[in-house]
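Asker: Given two chains presented individually in distinct reference frames, assemble the corresponding complex, making use of the accompanying hints.
Heads up: the sequence lines are chains A and B, in that order. Counting from 1, position 65 in the first sequence corresponds to residue 65 in my numbering; the numbering is continuous, with no gaps. Counting from 1, position 280 in the second sequence corresponds to residue 1280 in my numbering; the numbering is continuous, with no gaps.
Calculated directly from the structure, the hints in this document are not laboratory data. What you were told as hints is all true, and nothing was included just to trick you.
Pairs of lysine-lysine residues, derived as DSS-like cross-links and limited to a Cα-Cα distance of at most 25 Å, are as follows:
(1) A:LYS62 - A:LYS79
(2) A:LYS95 - A:LYS12
(3) A:LYS68 - B:LYS1122
(4) B:LYS1131 - A:LYS12
(5) A:LYS79 - A:LYS68
(6) A:LYS12 - B:LYS1122
(7) A:LYS62 - A:LYS27
(8) A:LYS95 - A:LYS62
(9) B:LYS1122 - A:LYS62
(10) A:LYS27 - A:LYS68
(11) B:LYS1141 - B:LYS1083
(12) A:LYS95 - A:LYS27
Restraint-style ranges between C-beta atoms, simulated for each label pair:
(13) B:SER1145 - A:GLU30: 51 to 59 Å
(14) B:LYS1122 - A:ASP91: 26 to 34 Å
(15) B:PRO1060 - A:GLN97: 42 to 50 Å
Since the model is a prediction, treat every value here as computed from it, not as a measurement. Note that beta-carbon positions come from the ideal geometry of N, C-alpha and C, so glycine has one too.
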Amino acid sequence: MTDDNRTVIVAKDLADLIPVFFRNRQKEVETLRAALAAGDFEQLRQLGHRMKGVGNSYGFVKVSELGKRVEDSARSADKAGIDGCIGEYADYLSKVQIVYE
Amino acid sequence: MNDRSSDGSTAAAETAYRVLVVDDDPDMAAFLSHLLQGEGLSVETAADGASALMQVMTAPPDLVLLDVMMPGTSGFEVCRQIKGDEATALIPIVLVTALEDSESRVRGIEAGADDFLSKPVKREELIARVKTLRRLHDTRKELESRRLAAEVQRKEAIRKAFSRYISPRLADRIADAAGEHGDPFQGRAQRTSLVALFADLRGFTRLTEKNEVGAVVAMLNEYFAVLTEAAYQHDGTIFNMAGDSLLVGFNVPFAQPDAAERAWRTALEMVARFGPVAAAWRERHGLSVGVGIGMCAGEAIIGNVGSTHYASYTIIGNPVNTAARLMQMAAAGEVLVCGPLYERIRHLVPAERVATRGDVKLRGKSEAIPVFAVRAGGREQA
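Next up, chain B with everything else stripped away, as it sits in the complex (with noise of 0.2 Å):
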């Protein structure tokens, strides 16, 4: 046996940058080593191929000294399993040859070689090498850390411009596959298939009558943070907000195969978090207070719409009237459901809260639909 280890760590230089010598002969991984050292550089070493790869794996180096000639493993089956990994590909490696040993140099770039070192080793030629590889892996570090920090910036961007309209949880998932799908808000307008649902207020009027300004403006941003908040919880899509109602879509602008059981979910959830609520400004305010709500699903238009001055992520069509004509007639704590949408929520929905209404002739449409009418628990009344 020798008399120099040529296994394990031979250094503990301050740098970052971590050199891997591979060579069964510990004087020649001594020597290399200690060249590497006085230019202060973290040197660790293998005696075998086996042992290299385990290292490898286990805390990745920023360059490889790999011996050719080693028992076991050799130095180019290393090679080639090092660049073979994914995870490794990328980690630099100096095959070490004899000088005259050109068909070593052809398999080493078969194997994915990086460079090659002759031996015996010139101190001048090892240091020059490896400074010229340093310089490469600070440089692709550098530019990958340049592409993280703009990759963070535009999925903030993209995450803040979308959560206007949904839940923050729906925003980091549009921003994740941006990159892979595109931005979902960008494309043309399009015919799809989706749930509406509109919620408003019932005895907003009486509200704005009772109070001043001020205190109508904090009422309503409490009321609309309690339906905001219900409807992200089922990543539902707000498209709309005006005076004190608020339009929500499913199925848009991502596929959701359960969307109207996301929608119904959403609406009992706008309810229950309303109620404390309205018993809050009864109290404070004498006022009787709830939501309704009108939900049907159907084929509708989803696009941008509006002129180069003004334009709005919006969805248009029949569900979406549908939906506003059987809000208006919601009473506080009520859920009219379109026909349609109630076979896809009847599982749901307790026989005893739910009532029909037979076919109701909607303002403005020609023929009349299959309505009915839940009791979501609400039970304060315009």
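Here chain A stands alone, though its shape is the one from the complex (with noise of 0.2 Å):
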């Protein structure tokens, strides 16, 4: 399971799940926008902790290192940051192509 230029292999046997995993991460997305708007930095640090969990589990690793960042941005209340990771991890969910092996 490897990230290469947007496309990940993910394990045959979970095609089931990923349906479902992509349409909790694109809701993920909006969580994070509101959260930032509201200035909630222990939830946003909470979101980035559960996309670091879930995101490389299933063999996204770029979403387990956006998960990363927005985690330790939350620590430091970095709007910016933040703002920049919701940003690429909106993008990358809108191109990432998934080949099961």
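Answerer: This is the structure we're talking about:
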């Protein structure tokens, strides 16, 4: 399971779980935006922590990386950093390609 | 809200090995469940600590995969509570923590966690850890079932050995208590306070004269069956059965604060139960028989007496000898009671059925003792 130019190889047996996983990631982007607008850094930290744990478990290294950046930025109340991460996250989700192997 | 609910059962695999996955992230719960089901395990999920504790209490799983960071009750607290409850303490818990989070691992160890799994979760690592814990679980269950089987066998052996002397009910009690207090029949001889009851068959000599050997044995068996049942009903211990007499002890080998009352009720029961047998024998064989009983309380020695080839667990001493003498003097349906014992059962005995014999000098005894005769009900005469 590697991340290569936005192409992610996912184990075939996880295929059934992926559609819901992606819907939840899309919703996560909205939740992140709302939390940032509200300045709720604790929620942002928790969301980042969750992204970090779940992303790479499914094979999406990028999601985990972004999650760690969100978590770290939330700790230092870095609004601009988090905003950048959210933009990157939304862009990634819209372009990522999945290959089942 | 997320699209995946992480509450409720997600699988019903055929295996008996059940895993509870606790994670507030439904995608993480679904991922872990999927991998475990792929290994043929039965998986249930809980989305928060409170639900997890409820599920563990109502249907204890064989393994818990527990996320640390959850809203409400944290994974540490869930772990602490499961490990703190005797009923669930042995359920293995794997804490799922962030890889770099060494502080969580330390707290997890303090909370009693058995193992750790890093997020992001690697499929091979998860399966390897679960397999190891399952092997330990199976080994523990196997050892436990062997221990239980050995325990049942041991108790059965004790019960069999003791059932010669005591009622099945008392034998069960001894078997149950054997692990805690040791074998009461193996201890050294000791002096103890007891009540001795001797019973024998009035008219026995005539019975042996008038009947064939086979018939005599059958009748004696019938007689002893009745007396034994009466003794067992009141948890008496049978120490000796010889000829037509039976020696029963109370307050031995276990304490019976109401030993005197038990002995009295046993005497009544023996006479009452033997009544119909005696009536049948009179009708069938023209015999007039009945039970005569002697009872006395006092200090005696209890223990195994004999040689290395033959020994008998028995009671020896003054109350036993006195009860034997009183039994020899008792008429059919009569209970002769020594003075000190009579004082202990006086409240149970109807006054009109008691006759004092005054101080009686028994054979082999230097001093006379007060004796009371109680008509127990039987009217058969020797």
